[in-house]
Amino acid sequence: MKMNWENYIGFEVNIIMKEYYGVVHSQKMDEPFYEIVFKTGRLVGIYDDGLLISGVYENRVVESFVPFESIKCVDILLPVKREQ
Numbered sequence: 443m444k445m446n447w448e449n450y451i452g453f454e455v456n457i458i459m460k461e462y463y464g465v466v467h468s469q470k471m472d473e474p475f476y477e478i479v480f481k482t483g484r485l486v487g488i489y490d491d492g493l494l495i496s497g498v499y500e501n502r503v504v505e506s507f508v509p510f511e512s513i514k515c516v517d518i519l520l521p522v523k524r525e526q
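The C-terminal position of the sequence shown is numbered 526 in the working numbering, with every residue numbered one higher than the one before it.
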């Protein structure tokens, strides 16, 4: 099954990456802990090999291309419908 990303253009997404990296929290720890690597932004483009997202970092607009092979999971932040 293929995801139809066109339905989510303009939506905010949190992309959880497959890559993790070890971070030593303190010298007393025997093992490093692992932090989840993710990208957050508005979905602005879909390509055969990945997604393009746009976000703001240090008061600058940054566009990030994320290859599908690097994606573990995507959270799509849907707008909340307000009751009248």
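Hint data in this document are derived by calculation from the structure and do not stem from the laboratory.
Cβ atoms here follow ideal geometry from the backbone N, Cα and C, with glycine treated the same way.
Do not take every clue at face value.
Claimed, not checked - EDC-like, lysine to aspartate or glutamate: derived pairs with alpha carbons at most 16 Å apart:
1. LYS514 <-> ASP491
2. LYS444 <-> GLU511
3. LYS523 <-> GLU500
4. LYS460 <-> GLU448
5. LYS460 <-> GLU511
6. LYS444 <-> ASP491
7. LYS514 <-> GLU448
8. LYS481 <-> GLU461
9. LYS481 <-> GLU525
10. LYS460 <-> ASP517
11. LYS444 <-> GLU505
12. LYS523 <-> ASP491
13. LYS444 <-> GLU461
As the list claims (entries may be wrong) - Derived DEER-like restraints, expressed as beta-carbon distance ranges:
14. VAL503 <-> MET443: 31 to 37 Å
15. VAL486 <-> ARG524: 22 to 28 Å
16. PHE453 <-> GLU500: 19 to 25 Å
17. MET445 <-> GLU525: 14 to 20 Å
Going down the list of hints, with the structure as the test:
1. As the CA atoms of LYS514 and ASP491 are separated by approximately 14 Å, the hinted pair is consistent with the 16 Å bound.
2. Between the alpha carbons of LYS444 and GLU511 the distance comes to roughly 14 Å, so the proposed pair stays at or under 16 Å and holds.
3. Using a Cα cut-off of 16 Å, the hinted pair LYS523 and GLU500 is violated, with the two alpha carbons roughly 30 Å apart.
4. A C-alpha spacing of about 23 Å is found between LYS460 and GLU448, which places the hinted pair above 16 Å, so the restraint is violated.
5. Annotation: proposed proximity of LYS460 to GLU511 holds, straight-line Cα distance about 8 Å (limit 16 Å).
6. For the proposed pair LYS444 and ASP491, the alpha carbon gap of about 13 Å is at most 16 Å, so the pair holds.
7. Restraint check for LYS514 and GLU448: the C-alpha separation of about 19 Å exceeds 16 Å, so the hint is violated.
8. At roughly 12 Å between alpha-carbon atoms, LYS481 and GLU461 fall within 16 Å of each other, so this suggested pair holds.
9. Restraint check for LYS481 and GLU525: the C-alpha separation of about 31 Å exceeds 16 Å, so the hint is violated.
10. Of the pairs offered as hints, the one joining LYS460 and ASP517 holds, with about 14 Å between alpha carbons and a cut-off of 16 Å not exceeded.
11. Restraint check: the Cα-Cα separation between LYS444 and GLU505 comes to about 24 Å, which exceeds 16 Å; the hinted pair is violated.
12. Taking the CA atoms of LYS523 and ASP491, the gap is near 32 Å; set against the 16 Å cutoff, the hint is violated.
13. At most 16 Å may separate the alpha-carbon atoms for a hinted pair to count; LYS444 and GLU461 exceed this at roughly 22 Å.
14. Between VAL503 and MET443 the C-beta distance comes to about 33 Å, which sits within the given range of 31 to 37 Å.
15. For the hinted restraint 22 to 28 Å between VAL486 and ARG524, the CB-CB distance of approximately 26 Å keeps it satisfied.
16. In this structure, PHE453 and GLU500 meet the distance hint of 19 to 25 Å, their C-beta atoms being roughly 23 Å apart.
17. For the pair MET445 and GLU525, the beta carbons lie near 30 Å from each other, so the given range of 14 to 20 Å is not met.
Hints 3, 4, 7, 9, 11, 12, 13, 17, counting from the list given before, are not met by this structure.
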